[in-house]
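J.: Whole structure, please, built from the sequences with the hints as guidance.
Top to bottom, those sequences are chains Z and U.
Residue numbers for the first sequence follow my numbering, beginning at 1 and rising by one.
Residue numbers for the second sequence follow my numbering, beginning at 1 and rising by one.
Hints listed in this document are in silico derivations from the structure and should not be mistaken for laboratory results.
Where hints are given, some of them may not hold.
[As the list claims (entries may be wrong)] Pairs of lysine-lysine, BS3-like flavour, derived with a Cα cap of 30 Å:
#1 U:K351 - Z:K60
#2 Z:K20 - U:K85
#3 U:K245 - U:K228
#4 U:K146 - Z:K62
[What the hints assert, rightly or not] Simulated coverage check for chain U against chain Z, where a stretch passes if three residues somewhere in it have a Cβ under 8 Å from a Cβ of chain Z:
#5 81–88
#6 150–161
#7 327–341
Cβ atoms here follow ideal geometry from the backbone N, Cα and C, with glycine treated the same way.
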Amino acid sequence: MDTVASTAKLNNDEIFDLMKQFITEVIGEEFVEEMDITPESSFTKDLEMDSIEIVSFSEKIKQHFGDQIDFTGWLSSMDLDQLIDLNLGTIINYIQECQ
Amino acid sequence: MAKFVFVVPPLTGHINPTLSMGAVLLQRGHRVAWITLDKSLASRLPEGGELLHINYDENDQQKQDSEKYLDIITKKIVYGIDSLKFLYEEVLIPLNRHSYDGIAALLDQFEPDLVITDHQMFAGAIAATNKGLPYATSVTAPAAIKVMEELPKVHEWEVNQIVTLQKEYGVEATESIACSDLLTMVLTSQAFFGDMELTPNFRFTGPVINRPATKTAFDWDKLNESNKPKILVSIGTTFDHEHKKNFFAKVIEAFGNEEITAIVVSDPDLFEQWPDNFIVQRQVPQLDLLPYLDAVVCHGGHNTVCETLFNGLPMVVIPIAYDQSHVAGRVVRTGAGERLNFNRFKAHHLKEAVNTVLNNPTYKESAELIKQSFLEAGGTATAADLLEQFSVKQSLEALKN
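T.: Here it is in structure tokens:
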């Protein structure tokens, strides 16, 4: 299962692929195919995800990494502007630091 | 007899419930007035209702400002979390700042026993506080008081916007006073609102729907001829021509010449030709129509969603901005419908989603459960009872008798 795989330390590319997989699960494969997802992609402006979708994305991260990362705590400390500007790269860096 | 005054923003969805509550209070022999920026509200007030128009001894600038706020919210398409920032910074805060002096003056003039202010018209709460008048709050968009556990700073940011404005007018509270400590009426049921601890000043009244029957013309014959499933597609007015065109092109692709009758609220001139199984009107008598329908496609405005659920109908919600994402989330969570992403959905998603809610009875059953919770909450009568109970003079008179 997912959580077992997470015990191995992931590099940036692997984290990026994993994030992309979660985004696909949240918004659907056919939409992801049409998008050029990069570490610079912001959730609100580029991926056009709304708050509820961002929350389901964060639940997937939580499920995958379990206690290894306090992702919910980190996300909940974000103010409105940070949330609007939140991009994939920021999350990848955070996960990298926590590993 | 008591004197009630409603303080309303120039937003139809926030005004309509106050018209129902006001009508009941008037029938019960009270005096009821509405404080508003929108003069045209006069023609929609229930019989005996008084219009208190916020009307400055205006220089041109102020007059222009007043007009600007009447339709500012329809001028810009905003999406997702970003829309919240727009709503507060460009609409609510300037609107309330602009309205404050007018509200304060009209409160002096009318001397109400109870002020009922919309939860987005914080200026009403601030003015009432400064005048020492009791006030109740009517929460017409309940998502606003719901805190997203995962994103607490979003709500915190909203509260800060309000607190800053309060300070500007001399109210030193560190918490938002938008929701009254005395009585805050949440115009939905707890079942639809979802789990959240609220203090006893919050009361669920259920949706307050009791608009008088409209005289909007409608092609009832065409509707009655159809023995196919009937759906209403209504997406609100808050976006521009190009977005509308894109949206309805997808609706046409999804339902054109399918085994379905689609009633579409749109400017008929948007397309030269609509499919034969469509009934397209700029306005429809929505409340009269809903009992004859099988499902609704909408953008998740709280009123349309409540009216749909009140008829026990399943729906497909396609939220665009503001609190609509949250309302759509509640529809999905309660099992009464499916949601689509406004920017991303394609015609076939819409078709599949509508077929899913039409063909799977659990959606309708869930909608019926919410309907039951609305009926139990009481609606307009419950709201009017609460307001009477909290109008100070009324209770003093009751004591004397």
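J.: Three or more residues of the segment 150–161 of chain U near chain Z by CB distance under 8 Å?
T.: With 7 residues close enough to chain Z, the hint holds.
J.: Does the alpha-carbon distance linking U:K245 and U:K228 stay inside the 30 Å limit?
T.: 26 Å, holds
J.: Check, residue by residue, whether the segment 81–88 of chain U contains three or more positions whose beta-carbon lies closer than 8 Å to a beta-carbon of chain Z, and give the verdict.
T.: holds (count 4)
J.: Regarding the pair U:K351 and Z:K60, is the alpha-carbon distance no greater than 30 Å?
T.: 28 Å, holds
J.: Is the straight-line distance between the alpha-carbon of U:K146 and that of Z:K62 30 Å or less?
T.: 23 Å, holds
J.: If you draw a straight line from the CA of Z:K20 to the CA of U:K85, is it 30 Å or shorter?
T.: 27 Å, holds
J.: Would you say the segment 327–341 of chain U counts as covered by chain Z, given the rule of at least 3 residues with C-beta under 8 Å?
T.: It holds: at least three residues are needed, and the segment 327–341 of chain U offers 3 whose Cβ sits within less than 8 Å of chain Z.
Of the numbered hints given earlier, the model fails none.
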